[in-house]
Amino acid sequence: MSKVEIFDFRGRFLFTKKFAEDVPAYNVDVSGVEQAVYVLRIYTSDGKRIRRVIKN
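Positions in the sequence shown are counted from 1; adding 4 to them yields my numbering.
One thing to keep in mind: the hints can contain errors.
[As the list claims (entries may be wrong)] Here are the computed distance ranges between Cβ atoms for each label pair:
| # | residue 1 | residue 2 | range |
| --- | --- | --- | --- |
| 1 | 9 | 39 | 18 to 24 Å |
| 2 | 30 | 58 | 17 to 23 Å |
| 3 | 26 | 60 | 27 to 33 Å |
| 4 | 50 | 20 | 17 to 23 Å |
| 5 | 45 | 24 | 16 to 22 Å |
| 6 | 11 | 31 | 14 to 20 Å |
| 7 | 25 | 60 | 27 to 33 Å |
| 8 | 24 | 60 | 25 to 31 Å |
| 9 | 35 | 9 | 15 to 21 Å |
| 10 | 54 | 31 | 18 to 24 Å |
| 11 | 9 | 38 | 14 to 20 Å |
Just so you know, the hints here were simulated from the structure itself, not pulled from any lab data. The beta-carbon is built from N, C-alpha and C at its ideal position, and this holds for glycine as well.
Make a model of the complete structure from these sequences and hints.
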């Protein structure tokens with residue numbers, strides 16, 4: 005994974021987190037965002053993936 009872009013449920017961009025490709029595990033600190041549904045756009049060497057997550 006090279007980076008993650010995080011959007012709120014309305015599609016508004018919140019922030020980007022970049023990563024080194026050779027790291028085996030990744031963490032994104034979402035403590036500063038409220039409880040809601042978010043969309044993660046995940047960029048990897050294989051392409052782009054979209055995932056929805058719920059923060060409780």
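Q: Any hints from earlier that this structure breaks? Give me their numbers in increasing order, please.
A: Result: no hint breaks.
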